[in-house]
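**Q** Knowing the structure of chain A, use the given hints to seat chain B on it.
The listed protein sequences derive, respectively, from chains A and B.
Taking our numbering as reference, the numbering of the first sequence is continuous, increasing by one, and the terminal residue is 566.
Taking our numbering as reference, the numbering of the second sequence is continuous, increasing by one, and the terminal residue is 566.
Because the hints were derived from the structure by calculation, they are not lab data.
Please note that a few of the clues may not be correct.
Because identical chains cannot be distinguished in the list, a pair is counted as satisfied if it fits within a single copy or across any two copies.
[Said to hold, decoys possible] For lysine to aspartate or glutamate, the following DMTMM-like pairs were computed, each having C-alpha atoms within a straight-line distance of at most 20 Å: (1) Lys511 x Asp280; (2) Lys446 x Glu291; (3) Lys469 x Glu289; (4) Lys476 x Glu289.
Being a predicted model, the structure only gives us computed values, none of them experimental.
Here are the chains, one letter per residue:
Protein chains: 2
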Amino acid sequence: MARIDAAKKGVDIETVFQDRLGQVAQDTEALLDHLLAPPPVEGERARPARLLDAMRYVGLGGGKRLRPFLVVESAALFEVSRQNSLMAGAALECVHCYSLAHDDLPAMDNDDLRRGRPTAHKAFDEATAILAGDGLLTFAFDILCRPETHSDAEVRLKLVSALARAAGLGGMVGGQMLDLAAEGRFDASPARLGEQEVKVLQAMKTGALLRFGCLAGAILGKAEQSQWKALERYGSALGEAFQIADDLLDLEGDPATVGKATGKDAAAHKATLVGVLGPAAARRRLESLVTEAQSALSPFGGRADVLKAAAQFVATRQA
Amino acid sequence: MARIDAAKKGVDIETVFQDRLGQVAQDTEALLDHLLAPPPVEGERARPARLLDAMRYVGLGGGKRLRPFLVVESAALFEVSRQNSLMAGAALECVHCYSLAHDDLPAMDNDDLRRGRPTAHKAFDEATAILAGDGLLTFAFDILCRPETHSDAEVRLKLVSALARAAGLGGMVGGQMLDLAAEGRFDASPARLGEQEVKVLQAMKTGALLRFGCLAGAILGKAEQSQWKALERYGSALGEAFQIADDLLDLEGDPATVGKATGKDAAAHKATLVGVLGPAAARRRLESLVTEAQSALSPFGGRADVLKAAAQFVATRQA
Numbered sequence: 248m249a250r251i252d253a254a255k256k257g258v259d260i261e262t263v264f265q266d267r268l269g270q271v272a273q274d275t276e277a278l279l280d281h282l283l284a285p286p287p288v289e290g291e292r293a294r295p296a297r298l299l300d301a302m303r304y305v306g307l308g309g310g311k312r313l314r315p316f317l318v319v320e321s322a323a324l325f326e327v328s329r330q331n332s333l334m335a336g337a338a339l340e341c342v343h344c345y346s347l348a349h350d351d352l353p354a355m356d357n358d359d360l361r362r363g364r365p366t367a368h369k370a371f372d373e374a375t376a377i378l379a380g381d382g383l384l385t386f387a388f389d390i391l392c393r394p395e396t397h398s399d400a401e402v403r404l405k406l407v408s409a410l411a412r413a414a415g416l417g418g419m420v421g422g423q424m425l426d427l428a429a430e431g432r433f434d435a436s437p438a439r440l441g442e443q444e445v446k447v448l449q450a451m452k453t454g455a456l457l458r459f460g461c462l463a464g465a466i467l468g469k470a471e472q473s474q475w476k477a478l479e480r481y482g483s484a485l486g487e488a489f490q491i492a493d494d495l496l497d498l499e500g501d502p503a504t505v506g507k508a509t510g511k512d513a514a515a516h517k518a519t520l521v522g523v524l525g526p527a528a529a530r531r532r533l534e535s536l537v538t539e540a541q542s543a544l545s546p547f548g549g550r551a552d553v554l555k556a557a558a559q560f561v562a563t564r565q566a
Numbered sequence: 248m249a250r251i252d253a254a255k256k257g258v259d260i261e262t263v264f265q266d267r268l269g270q271v272a273q274d275t276e277a278l279l280d281h282l283l284a285p286p287p288v289e290g291e292r293a294r295p296a297r298l299l300d301a302m303r304y305v306g307l308g309g310g311k312r313l314r315p316f317l318v319v320e321s322a323a324l325f326e327v328s329r330q331n332s333l334m335a336g337a338a339l340e341c342v343h344c345y346s347l348a349h350d351d352l353p354a355m356d357n358d359d360l361r362r363g364r365p366t367a368h369k370a371f372d373e374a375t376a377i378l379a380g381d382g383l384l385t386f387a388f389d390i391l392c393r394p395e396t397h398s399d400a401e402v403r404l405k406l407v408s409a410l411a412r413a414a415g416l417g418g419m420v421g422g423q424m425l426d427l428a429a430e431g432r433f434d435a436s437p438a439r440l441g442e443q444e445v446k447v448l449q450a451m452k453t454g455a456l457l458r459f460g461c462l463a464g465a466i467l468g469k470a471e472q473s474q475w476k477a478l479e480r481y482g483s484a485l486g487e488a489f490q491i492a493d494d495l496l497d498l499e500g501d502p503a504t505v506g507k508a509t510g511k512d513a514a515a516h517k518a519t520l521v522g523v524l525g526p527a528a529a530r531r532r533l534e535s536l537v538t539e540a541q542s543a544l545s546p547f548g549g550r551a552d553v554l555k556a557a558a559q560f561v562a563t564r565q566a
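Here chain A stands alone, though its shape is the one from the complex (with noise of 0.2 Å):
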């Protein structure tokens, strides 16, 4: 295996990771625009062009694709097919990518600007936002549900079940609910959230689904118990160190290099990690999330070298 190559040749893992990385993205990008094609499928009468393009929009074109790596290299843990793994990050990414596309509508976040680009309200109108929002999300199941996403259709039901749980009302959207009544949406004077209770909105908003792109590798490869509980602890150490990371770089981040609005958390009293411990305790409990997520991995040894990898990355990166 390449990382394994690497290793032997003496190529740094942030090397290996980042080509890594950068090779999911590519091949998500591919798979997402054949995906989203304009013919239609078995059982579609059409596919509109207006909403396949604000699902295009939506969905291609950026993001540095965390979501499918991770379950591309929680699945080569198991020797699960490359296909299997892009199709089940493809489907995870959609569900991010409608995500997005809705927190920035204006009457959530009112958010003009994603990854450097128009949010798709601004770049369409709002009602091809919400649609296309929902056309991806719907899109999400439909690409689970297909032989190529696995053979088994016990495992693609498993994969159903646990991104309709990860992304639904007792997680993602549960989390965004959660984050607006924190910041004073629907009261003037919101009780302020404890650590506690910060840490729980962002494992619903944000880590879940970094949780199940983790698991997403479990699934497809049928680990057994112990390999998916170790898979559970990485992507729950992740996903809080991701949000600590992001909430950082609201605070510090130069939206140039960030690719959207910063310091829009502190104006919009968001609970934050960072603003319940400060910014300095927040930094350690970064670090010792990052050890956490990697100490996870060791019973895979060296085969999850990229993943203890990707943990470091998402603790220090600057975008």
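**A** Chain B only, in chain A's frame:
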């Protein structure tokens, strides 16, 4: 079975139909009330109260539950357990209800009234209505994955796949986009749609979910190809009939009876078959669709009498 007993006793099939429709509505309400209870299930972190309230507001307390009825009755042709078909019906109803909540949004149809109650964004707020819709759409797939929906994982996966196709880009969401385009949302003077184009639009916007309701019975019951085709023919005719009846109600109905504003189609220059054909020809078309739907069911004999009555009901309903 109740309907056979009823026939023996000489009870009017219309009465049997109304009883059974009412019973499915009651059972669906109870099931959704149970599924959308506060305690989180496995894989969920918490169920935020405001989101749950909004999802319950959108999903409970209204509607004829025609779609779950179609699932239950088509499944009954194959002696599928009522628990199985009610679960699949509840999932379908979640998709239907989410689509109404998003459709009512200010950026979409901007409706204040739905089933005689304030729409979700009026009862709560826009952000909550968006998230409640997202949550219900996601929840539909969660429901379909559960063992209570069917003991066979392959059957559950087929339901997920068919519902995703019916609800997505090439089905309902696509139809909503075509509908907005036809009313000139993206072009001040859009080309007036012909009969065929309006049929495609409506087969997607309204027809796809009704058709899925009928096919869900065939999936749950592992129907043979010929039975599948019969239910597909029935579902397609029923879907078209439903939409023509809906458009006639909008043109001629009383808002107090219909439970929402009427006369909106003409005001918004909506693309309807009533508009293309005129009310008289549309009414004739409606009658021939009822005949078509009923004759499609002839392979099932008297066992399909209640579904045949449903076709008549759909065409002549006043609300």
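**Q** Each of the hints needs a verdict: does it hold here or not?
**A** To see whether the hints hold, each was checked on the structure:
For the identical chains of this complex, Lys511 and Asp280 are neighbours neither inside a copy (32 Å) nor across copies (38 Å), given an alpha-carbon limit of 20 Å. In this assembly of identical chains, the alpha carbons of Lys446 and Glu291 lie at most 20 Å apart only when taken from different copies (14 Å versus 41 Å within one copy). For the identical chains of this complex, Lys469 and Glu289 are inter-copy neighbours only, at 19 Å across copies versus 29 Å inside a copy, given an alpha-carbon limit of 20 Å. For the homomeric pair Lys476 and Glu289, the shortest alpha-carbon distance between copies (15 Å) is at most 20 Å, but the shortest distance inside one copy (38 Å) is not.
The earlier numbered hint that this structure contradicts is number 1, and it is the only one.
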